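Engineer: In case you want the letters, here they are:
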Amino acid sequence: GAGVSQTPSNKVTEKGKYVELRCDPISGHTALYWYRQSLGQGPEFLIYFQGTGAADDSGLPNDRFFAVRPEGSVSTLKIQRTERGDSAVYLCASSPFQGSSYGYTFGSGTRLTVV
Amino acid sequence: QKEVEQDPGPLSVPEGAIVSLNCTYSNSAFQYFMWYRQYSRKGPELLMYTYSSGNKEDGRFTAQVDKSSKYISLFIRDSQPSDSATYLCAMGKAGANSKLTFGKGITLSVRP
Numbered sequence: 001g002a003g004v005s006q007t008p009s010n011k012v013t014e015k016g017k018y019v020e021l022r023c024d025p026i027s028g029h030t031a032l033y034w035y036r037q038s039l040g041q042g043p044e045f046l047i048y049f050q051g052t053g054a055a056d057d058s059g060l061p062n063d064r065f066f067a068v069r070p071e072g073s074v075s076t077l078k079i080q081r082t083e084r085g086d087s088a089v090y091l092c093a094s095s096p097f098q099g100s101s102y103g104y105t106f107g108s109g110t111r112l113t114v115v
Numbered sequence: 001q002k003e004v005e006q007d008p009g010p011l012s013v014p015e016g017a018i019v020s021l022n023c024t025y026s027n028s029a030f031q032y033f034m035w036y037r038q039y040s041r042k043g044p045e046l047l048m049y050t051y052s053s054g055n056k057e058d059g060r061f062t063a064q065v066d067k068s069s070k071y072i073s074l075f076i077r078d079s080q081p082s083d084s085a086t087y088l089c090a091m092g093k094a095g096a097n098s099k100l101t102f103g104k105g106i107t108l109s110v111r112p
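Same order as they appear, the protein sequences are chains A and B. So the first sequence is numbered by my numbering: it starts at 1 and just counts up by one. So the second sequence is numbered by my numbering: it starts at 1 and just counts up by one.
Calculated directly from the structure, the hints in this document are not laboratory data. Only a predicted model underlies this, so the values are computations on that prediction, with no experimental measurement involved. Be careful, since some hints might not be right.
Derived BS3-like pairs (lysine-lysine); straight-line CA-CA distance at most 30 Å [what the hints assert, rightly or not]:
no. : chain 1 : residue 1 : chain 2 : residue 2
1   : A       : Lys11     : B       : Lys56
2   : B       : Lys56     : A       : Lys15
3   : B       : Lys56     : B       : Lys99
4   : B       : Lys42     : A       : Lys17
5   : B       : Lys56     : B       : Lys104
6   : B       : Lys67     : A       : Lys78
7   : B       : Lys99     : A       : Lys11
8   : A       : Lys11     : A       : Lys78
9   : B       : Lys93     : A       : Lys11
10  : A       : Lys15     : B       : Lys42
11  : A       : Lys78     : B       : Lys99
12  : A       : Lys17     : B       : Lys93
13  : B       : Lys42     : A       : Lys78
14  : A       : Lys78     : B       : Lys56
15  : B       : Lys99     : B       : Lys2
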């Protein structure tokens, strides 16, 4: 597609449940990023994929969070045992430039609400 | 103290005003400086990208970087109601680490 696609756009889940958030990057973009944006804050880095491998996962807050990109295209962010503090907008971005802060295109995000 | 601090908002100006948005940072490793615009319920979109001290102009937008003072600014001339959005500064480090560190964002409203 023309842009980065994220599904679902909204997700409401109960505390303790498991959720998966999907990101479909721009075709041909090898770099993929996940960020989390809490209300009234700027996005915070979670994880960066270069191809299929996670080149930097230093932003994942704890072991309840995990992300995969098995074929180097679509990525899934997985959150286990969700907590109310996980409520935020999860943004995905892709870029044709590896190892560069230039050229990000962000998706519109998945708004996760944990009740 | 956060690595990137952004002037708090919100900010409301009349149409046609000049707007000045500012961020400071504490980490000298930041070498790349960006301004993003974010409309409600959308992802951030890149407005300006620069990697050196000085000014960069693009239409009504001017980005200014002062590395010695660790201070960056975005100026918007002849502001329009369509400029109403949240503006985020972002910074990246040199080398293979391409993650961005964002400011908190400031919400701008341009009144017709």
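Engineer: List in ascending order the numbers of the hints, as given earlier, that are violated by the structure.
Structural biologist: 1, 2, 6, 9, 12, 14
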